[in-house]
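K.L.:
Each chain, letter by letter, is given below.
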Amino acid sequence: MAETQRCTHLLADLSDYLDGDAAAEVCAAIERHLAACEDCRVVVDTLSKTVALYHTLPPPDMPDAAQTRLFAALNLDEFSRLYRQ
Amino acid sequence: MTETELIDRIQAGDKAACAACVELHAPAVYRLALRMLGSPEEAEDAMQETFLNAFRAIESFEGRAGLATWLYRIANNVVLMRLRKRQPLFVPIDLHGAAGDGEDAAVTPVQLFDWCCLPEEDFATTEAQGELERAIGELPLPLRQVFVLRELEGLSTEETAQTLELTPANVKVRLHRARLWLRERLADYFTELATEKAHG
Chain A
0 MAETQRCTHL
10 LADLSDYLDG
20 DAAAEVCAAI
30 ERHLAACEDC
40 RVVVDTLSKT
50 VALYHTLPPP
60 DMPDAAQTRL
70 FAALNLDEFS
80 RLYRQ
Chain B
0 MTETELIDRI
10 QAGDKAACAA
20 CVELHAPAVY
30 RLALRMLGSP
40 EEAEDAMQET
50 FLNAFRAIES
60 FEGRAGLATW
70 LYRIANNVVL
80 MRLRKRQPLF
90 VPIDLHGAAG
100 DGEDAAVTPV
110 QLFDWCCLPE
120 EDFATTEAQG
130 ELERAIGELP
140 LPLRQVFVLR
150 ELEGLSTEET
160 AQTLELTPAN
170 VKVRLHRARL
180 WLRERLADYF
190 TELATEKAHG
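Going line by line, the protein sequences match chains A and B. The opening residue of the first sequence carries number 0 in numbering that gives the first Met the number 0; numbering runs sequentially from there. The opening residue of the second sequence carries number 0 in numbering that gives the first Met the number 0; numbering runs sequentially from there.
Be aware that a few hints might be false.
Examples of chain B residues lying across from chain A (beta carbon under 10 angstroms, computed) [claimed, not checked]: (1) Leu-33; (2) Ala-42; (3) Met-46; (4) Arg-182.
To be clear, the hints were calculated from the coordinates, so they are not data collected in a lab. A virtual CB, placed ideally from N, CA and C, is assigned to each residue, including glycine.
Please build the complete structure, drawing on both the sequences and the hints.
P.N.:
Next comes the structure, spelled out in structure tokens:
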């Protein structure tokens, strides 16, 4: 990546920019820079895509048997059936 | 039942309240342990240890943090102990300070191929999702702790900071580094995929 000072500054604020947490003047500065810097535009686009991708990951399910064993380990077996899905 | 009532009942030794707490919070504790440890068996053991520790220490729970945050904090400590046993030289004792394994790693973008041009179906394959899961599992530990809580479990910056005993600013820096790290790591896979497609 072309390591200009401006690119480095932009990099530090990118997450705030993508999350909508950056101040208006910071957003404007980033957008001006992106219009002129192809490398940074690619970084922003692929970073934004990375964030979108991991937000679509399905959360791992806890197996029912693990929950049953947890209730047993905590001496709460009598409630296990009550909460079984 | 409000959380305060639930905690009062657990502190009074009410087993039904303990069961309700487990039912409510076990899936999140399991997910955290699984993302951090990478093994379903170890995640289950860590989850059991978390609740055993939590119910033993419930008298000391003062309600400054929410119950979920408190449980995440206990789970995080359990996970760290297990990781330290696995790799004592690679898991520093204090992950709360400014430095730590991977914390200082520069994440300067070097991958500059625009793989966003790939068709959407290429991002939704089992292989691509597996690659993403592997990449998350390989995040340096201080970055992964923040990433899992903030981005996958959906805690706020403040809740993540409370859980990990970091400052909110530190959480934001680590999250940003985690994202850049993942971008670099995924670029290897998607750039290769795009190149293969371009060459037939």
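K.L.:
State the violated hints by number, sorted upward, taking the hints as numbered earlier in the document.
P.N.:
none
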